[in-house]
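Undergrad: Model the full structure from these sequences, guided by the hints.
The sequence shown begins at 1 in this note's numbering and counts up one residue at a time.
Just so you know, these hints were derived from the structure itself, not from any lab.
The model shown is predicted, which means the values in this text are computed figures rather than measured ones.
Calculated cross-link-like contacts (lysine to aspartate or glutamate; reagent style DMTMM-like; alpha-carbon spacing at most 20 Å):
{"no.": "1", "residue 1": "Lys73", "residue 2": "Asp13"}
{"no.": "2", "residue 1": "Lys73", "residue 2": "Asp89"}
{"no.": "3", "residue 1": "Lys73", "residue 2": "Asp10"}
{"no.": "4", "residue 1": "Lys2", "residue 2": "Glu74"}
{"no.": "5", "residue 1": "Lys73", "residue 2": "Glu19"}
{"no.": "6", "residue 1": "Lys15", "residue 2": "Glu74"}
{"no.": "7", "residue 1": "Lys15", "residue 2": "Asp102"}
{"no.": "8", "residue 1": "Lys15", "residue 2": "Asp4"}
{"no.": "9", "residue 1": "Lys15", "residue 2": "Asp81"}
{"no.": "10", "residue 1": "Lys73", "residue 2": "Asp4"}
{"no.": "11", "residue 1": "Lys2", "residue 2": "Asp89"}
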Amino acid sequence: MKADALTPRDLFDGKVQYEIPSFQRPYVWNEEDQWAPLWSDVRRVALRLLASDADGDALDGVSGHFLGAVVLKEISAHAGDVTRHAVIDGQQRMTTLQILLDAAHSVVT
Numbered sequence: 001m002k003a004d005a006l007t008p009r010d011l012f013d014g015k016v017q018y019e020i021p022s023f024q025r026p027y028v029w030n031e032e033d034q035w036a037p038l039w040s041d042v043r044r045v046a047l048r049l050l051a052s053d054a055d056g057d058a059l060d061g062v063s064g065h066f067l068g069a070v071v072l073k074e075i076s077a078h079a080g081d082v083t084r085h086a087v088i089d090g091q092q093r094m095t096t097l098q099i100l101l102d103a104a105h106s107v108v109t
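TA: Printed below as a string of structure tokens:
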């Protein structure tokens, strides 16, 4: 078993296909319990980055947001296939991050 600290870019950048096994529960995050606290952290870090960038400090003093563990199991790939992983734990967080990244992409493009 290998444990790495990954950024969302590390997780979603590249040619990897994530599969949610059928035993996983459906998406259940809601605004009050999960979305609002996450958005508050994203906003806090973004505002801090903007203030730091104006001062020329870039990332100095900006803390990250710990999202918790994501457990993946590599799935055998066929020749020419993309790397595939089953998401054993963390599917709610990965789904939420993907929605957030897609929304941010829509705003800036």
